[in-house]
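Position chain H against the provided structure of chain G, taking the given hints into account.
Single-letter residue listing:
2 protein chains.
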Amino acid sequence: MNASPTDPLVLFMPSGKRGRFPVGTPVLDAARQLGVYVESVCGGRATCGRCQIEVQEGNFAKHKIVSSNDHISPRGPKEERYDRVRGLPENRRLSCSATIQGDLVIDVPQDTVVNAQVVRKAASDRIIERDPAIQLCYVEIEEPDMHKPLGDLDRLKIMLGKDWGFDNLLVSQHLIPDVQKILRKGNWGVTAAIHRDLEASRPNIIALWPGLHNEAYGIACDIGSTTIAMHLVSLLSGRIVASSGTSNPQIRFGEDLMSRVSYVMMNPDGREAMTKAVRDAISDLIGKVCAEGGVDPDNILDAVFVGNPIMHHLFLGIDPTELGQAPFALAVSGAVHTWARDIGIKMNYGARIYMLPCIAGHVGADAAGATLSEGPYRQDRMMLLVDVGTNAEIVLGNRARVVAASSPTGPAFEGAEISSGQRAAPGAIERVRIDPATLEPKYRVIGVDKWSDEGGFEEAAKATGVTGICGSAIIEVVAEMYLSGVISEDGVVDGSLAARSPRIIPNGRTFSYLLRDGEPRITVTQNDVRAIQLAKAALYAGVKLLMEKQGVDHVDTIRFAGAFGSFIDPKYAMVLGLIPDCDLAEVKAVGNAAGTGALMALLNREHRREIEREVARIEKIETALEPHFQQLFIDAMALPNKVDPFPKLAAAVKLPPKKLLAEGEAGDGTPRRRSREERAARRTRD
Amino acid sequence: MNASPTDPLVLFMPSGKRGRFPVGTPVLDAARQLGVYVESVCGGRATCGRCQIEVQEGNFAKHKIVSSNDHISPRGPKEERYDRVRGLPENRRLSCSATIQGDLVIDVPQDTVVNAQVVRKAASDRIIERDPAIQLCYVEIEEPDMHKPLGDLDRLKIMLGKDWGFDNLLVSQHLIPDVQKILRKGNWGVTAAIHRDLEASRPNIIALWPGLHNEAYGIACDIGSTTIAMHLVSLLSGRIVASSGTSNPQIRFGEDLMSRVSYVMMNPDGREAMTKAVRDAISDLIGKVCAEGGVDPDNILDAVFVGNPIMHHLFLGIDPTELGQAPFALAVSGAVHTWARDIGIKMNYGARIYMLPCIAGHVGADAAGATLSEGPYRQDRMMLLVDVGTNAEIVLGNRARVVAASSPTGPAFEGAEISSGQRAAPGAIERVRIDPATLEPKYRVIGVDKWSDEGGFEEAAKATGVTGICGSAIIEVVAEMYLSGVISEDGVVDGSLAARSPRIIPNGRTFSYLLRDGEPRITVTQNDVRAIQLAKAALYAGVKLLMEKQGVDHVDTIRFAGAFGSFIDPKYAMVLGLIPDCDLAEVKAVGNAAGTGALMALLNREHRREIEREVARIEKIETALEPHFQQLFIDAMALPNKVDPFPKLAAAVKLPPKKLLAEGEAGDGTPRRRSREERAARRTRD
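Here the protein sequences come in this chain order: G and H.
Residues 1 to 686, numbered by the UniProt record's numbering, are exactly what the first sequence covers, in order.
Residues 1 to 686, numbered by the UniProt record's numbering, are exactly what the second sequence covers, in order.
Same shape as in the complex, but just chain G (with noise of 0.2 Å):
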C-alpha cells in the first residue's frame, strides 16, 4: 500500500525516521516499515506490552508536525484488556492495537540510557537504540494433520515464517527432542527465541518455551585483567537489570599479563588452569547478577565480550603464549561467534556469545568496546581515546581515518613501581596539593572526608591509616611538585630547596618530597618520579606517533577510558604532559567505555557489524618498530614536554618558570637550557 502525500506524517524519537502512511494503520506496522526497531514478542495479540509507545504531544515546527493524543486511535478493548491485566501507564500506548489517525511524533521508550562518567562538563546521557540479535516470537501453530504430515518442528518453522517473516531457520539441536513436549505444553502456542546476527549464520532458533514467554536477557562484559565488570539487561526494554565486578582469579597466577603468559609457558596446564578461572568467575558473576536483578539465568540468550587481547585468548581457551614474543599474533583478531555451552558459560543451553574483533596483538576487543563506544569516526573532529593500564591502548581519529597503537606503559601508572604507591583502597592518598610558596602539601585519603590540612582529619583517619599513595594521586603529586618547582622540567627533584623546607629531603645522591611523616613516613622519590616520567613519555610518545600519523599538531578533543581515567584530574595528566595540549573541557573521562561498547553490541546487532567494519578500516601502528619512537619518547621525558607547546594548558593553568637541573644539581642555569633555547629556535626556523 503506498502512502499519499496527503496521508499523516509520523516521526519516530529518537530514531528520527519519518514517513507518511494512510489513516488506520497501526503504530507497530508503521515503525516496522520504517525499520524502527519496536519490541513485539506476542505477535500483535496485545498481551506481551512490549510495544509500547509514547505520543509526543506539541507542535513540532522543524518536523512540521502538530502532534496529538487525538491523532491516534482511543484506547480499544485490547488495550483496556491488557491495562486490566498488567497495568499499562495513561500516557503509554500498545502499538499493535493503536493506530494513525492524524500527524504524530512517537516515542518509542529506550530504556537503556549509558551514564558517561564525567570529569569537567556534563556529557549527554547516550541512548543505545535496541535491536538485539534475539528476538522472542510467539507464535500458534496448526495442530499435526495425517493428511500433510510436516513434523511438528516443520509447522512451527513454516509459522515463524508466515507471522515473523524468518525463511530458512535453523534450529539448534538442543532443541529437537523438546518440542513436541513444548508444543503440547502450549497448546499450540509457543515462543521461539530467535538469533539474527546475520553474521554468524541464518536465524537461528536457540530456545522455545511453551505460551507467552516474556522474559529476554543479556550479558555484557569487560574481562579485565584486574576486574571483570558485568551489565545484566533486559533484551526487551533495553533496562540494566544489574551491574556488578569481581575480581580476576587469574590474578593468583600473575598480576600483570605478561606474568600469566609466562605462566602459561613455565606450567603445562597453565593455560587451562587460567581459561577455567576466569570462566568459573564470569559464570559466577552471572549468577550474582542474575540473583540482584531477580533473573532467572535460564533467560539470558545471548552475550557480549571484550577484554585485552590476553583476557580474550585465554577466556576463548587459546594459549596467549604468541602474544608475549613478536610479532605478537593473535590466534583470531576478527569477531568471535559461539555458543555459550561450547565454551562452559551458564546460561540458556542455546544462548549465544559474541567477542568484539581485536585491533591488534596489543590493541585488543576491549579497545574496540571503548572506540564503538566514544566513535571517533563517527565525527568529524580529531578525538583522542586513551585506555590506561599497564598497556596503554591509544586510538586517533576521526570519519576520515582512524588509527591505534598499545605503548608500554608500565605499571606506574596504577602504583606499582612506585615506593609508596598501593592499590586504590580506604588509607590510599587520592588527591594532593602542594603550596607553591610553603610547599607543604595537603592531601585526601580514600575513605575519609577532609583534606589532611582541615581539623580532625587525623582522627577520622585513625580507622583506615594513611597507608599510601594510589595511582590517580601519584600523577597529581608529581605534577603538583612540578606546578610548586619541587621537580624541574626534567623532572630533577631540586636539592637546593631542601634549604627552604624540610619537606625537601635527601636520599642517597638525589633528593625526595615527603608528602607524610608518619608511620608508614610516604615520600616521592626521584625514583618514583623517573617511574612517572618513564610510563607517560611512553603513552604521550604513542599519542604524537598516532598524531604524526594522522599529520595533526592537536586533538580536537580526549577521552579518558578505564577506571584510571575515571580517577585523574585530566588538568594535572596535561600538566604532566600524559596527553597532549587541549581545551580541558574538551577532556573526559568516559569510565568503562569498554563495557559500554559491550552493551552497544549487545542492544543493538548493527552496532556488531559497525565495529567489524571499522576495525578492518583502523589502522595498526606498532610502535616498537617506528624508528621516530625512541626520539618521541625523550623529548616526552620532559615537563609536560621538551619540544611540544601546551599553550591551552598554559591558559588555564599557571605552569611554573623552565628549570633545568641535572639530578642532585640545584636550580640554577645549566648548559642544557641553551640547547633547549637552540631547539626552540630551529623550530622557528623550520
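Check each hint, because a few of them may be wrong.
The list treats identical chains as interchangeable, and a pair is accepted whether it falls inside one copy or across any two copies.
[Said to hold, decoys possible] The calculated lysine-lysine pairs, modelled on PhoX-like cross-linking and capped at a C-alpha distance of 20 Å, are: (1) K276 - K346; (2) K17 - K346; (3) K658 - K620; (4) K148 - K620; (5) K181 - K64; (6) K462 - K450; (7) K148 - K549; (8) K620 - K450; (9) K642 - K571; (10) K658 - K571; (11) K148 - K162.
Just so you know, the hints here were simulated from the structure itself, not pulled from any lab data.
Frame of chain G; chain H shown alone:
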C-alpha cells in the same frame, strides 16, 4: 577469458558437460568452469594426486570430437615428480598440470559404483557423481606481520578465500584454540576441511591439519529396526572402503517398532536407554568399518543417516510416543543437520551429520533414501517402490507426480505369526516347490546346497537341522500351494485333497499342508495362509490406493527395496498378489536402496537438495483415512486378487483354475462361485 568458436572442445564424462577452452588451459580449470566436480586438495601444486583424469581416445562422432592423448600437454616435471613419489598410472594425468591442446573427451574417474542387487536382469551399475559436502583445501598462509596484525585464523580465512573462493567462512569453535599450533607445525601450510552444505549454514571450517592432509572419509548409514548397515567411503575418491552391519541392540527393548514405542511409554528412562543403545551401536560399527578399512575415525568428517521415523527419532534423542498414535506427528520431518559430537557419535570432533527428511509419520527417511536411490521422479514410467517390513513403505510415481503411503503389513512376512516361521538363519527353509500332480514338496534350507529331494540332503542338513520357514519361503510355499491347487483363490486349504495326499492333514475344523515330517514337524496351517493373506492384502491395498490416486490401472516397473525384497522371487510375490501385475522382467530387487540413497547424499550434496525438494512434493496418503481402503483390502485377500486381472503374470506363469471353498469345505461348487462370476460379469459391462 571468453573462448572462441575455434578453441578446442572438451567433453567431461560421466557428467557430459562440455565447453570450448583456449589452448593451454589446465584441464582442472576447464572442469571448474563447467561445474564439473574434480577433487583437488593441494590446490594445483601437483602433490595430492586427487585431480587425476583420463583421456578417452577415439572418434566420438556423436559429439563431433576426435579425442587423443596428443591433444593434451605431455607430462611436465610436476607430474613426473608425483609419479616418482606416489606413482601415477600411465593413462592417468593430474588435471591441475595437464593443459588442453586440442579436442578432448575426458573421463573423471568416479570410484563409487553401486551394484544394485538383481533378480531377473542385470541393472546397469549406478555411478554416483561426486560433489561431497566436505572439501579439503591446502593453503599456504602469510606469516604474522606486526604491521598488519590480522589474527592467524583471519589470515587463513583470507587465503581460503583467495585460493579456493570461500567468502565469509565460519569456523567451528573447537578449532580456535588449536589454530596457532597447527599453522606453526605445518610451517604455515595447512589443510582445512570445509563443510559446504549450504542449507546447514555458511561454509564452515570443521577440521584443520598441519601440512597436506590427503584423507577424508564419510559414513552412510541405514538404521533399521533389526539391522544397522553402514558404508565407509572415501570422500576424495568415492571408493567404498568397507561395508558392514550389526544388529540393532534396541531389539532387547522390543522386537518390532510398536513394542519399542511401548517400552518408551512404560519406562521413564526408556527413550534415553534406546537412544544410547543405537548411538553406541553406531559408534561401535564405525570402529568396525574403520578397522576393516584401515581408516582413522578422526578422518571421518561427514555422515548421512536414514531410518524409519521411529529409528530416526530415537537416534536424534526424540521421544517417539507421538508416532505410536494418530495423528502420528513427527517431531521434525525436514532434513536434520547437526554435529556428530552433539549426539555423541565418535568421528572427527568437527564432523557433521545429515539426516534425510521423513516423508510422513510412517514413511521415514529410509523411504526418502530409497526414493532418492531409485528416483521415480527422475523418469517418465510409473514406478512402484516398496520396502517391505512390519510396515510396508510404498512410493508410486514418475516425473509428473509421486505419491506415498505406508501399510500395516504386520510381521508375517518376516516369519512372525507363522506357526513354523523363523528368521532367516541356517536351518530355515528358504525355497519351496510343490508338484501339482503329487502335491509332494521339495525345498532348500539355508546352509545346505542340495534340494530336499536330492540324494544326500538329509546327511547335509544334519549340521543345521531343518528348523522352520523363513520369510521369503513363506511367500513361496503359499504361492506354490495356490499354484498346485492346495489352496483356493480365497486361500482355503482344500480338505478334499486329503483323500489323495497325506500332505493334506486335518487341523481342527481346517486343514494344514505338511511340508516336512520330522522334528520339528513343519506345516503350513490355514492360519498361516490367513496371516500371509492379511499381510499381502494390506500391502496390495496400499499400492492400489496409490494407483487410484495416480489414476493408473497398472504400473510400468517395480522396485523391491530392503532385505526381504532381495530374497523373495518376484514371480511368487506376484502370484500371491503382493504387488500388482507387471512384466516380470520389470520387477527388480534393489537391496538396501535406503542405504544407497544415504550414500548418494553423502557423496553429492546436490542429492540432499534433490531429495528435500522431492519429499516436499510427494503427496502423502494416510491409508487409514481413505474410506475406500477397506474394500481394496477385502478384494486383495484373494489370490492374486478378487477383482484385479494379472494378464502379464498369467502369460508367464500357469495360474490354476478358479476354485472357491469355504474353510474346511471340499473342492466342489459353492454359491460363492456364482457371486464371483456375477462380479466379473459386472466388470465386463463397465
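Hint check:
Only within a single protomer do K276 and K346 lie at most 20 Å apart by alpha-carbon distance; the minimum there is 13 Å, versus 25 Å between protomers. With identical chains, the CA atoms of K17 and K346 are never at most 20 Å apart, being 38 Å at best within one copy and 53 Å at best between copies. In this assembly of identical chains, K658 and K620 lie within 20 Å of each other by CA distance neither inside one copy nor across copies; the values are 36 Å within and 94 Å between. Within a single copy, K148 and K620 get their C-alpha atoms only as close as 58 Å, which misses the 20 Å cut-off; across copies the closest is 7 Å, which meets it.
Within a single copy, K181 and K64 get their C-alpha atoms no closer than 54 Å, and across copies no closer than 63 Å, so neither meets the 20 Å cut-off. Only within a single protomer do K462 and K450 lie at most 20 Å apart by alpha-carbon distance; the minimum there is 12 Å, versus 110 Å between protomers. In the homo-oligomer, the alpha carbons of K148 and K549 lie at most 20 Å apart only across protomers (16 Å), although the nearest pairing inside one protomer, at 66 Å, exceeds that limit. In this assembly of identical chains, the alpha carbons of K620 and K450 never lie at most 20 Å apart, being 46 Å within a copy and 85 Å across copies at closest.
For the homomeric pair K642 and K571, the shortest alpha-carbon distance inside one copy (18 Å) is at most 20 Å, but the shortest distance between copies (105 Å) is not. Taking the shortest Cα distances, K658 and K571 sit within 20 Å of each other inside one copy (19 Å), while across copies they are farther apart (114 Å). In this assembly of identical chains, the alpha carbons of K148 and K162 lie at most 20 Å apart only when taken from the same copy (17 Å versus 46 Å across copies).
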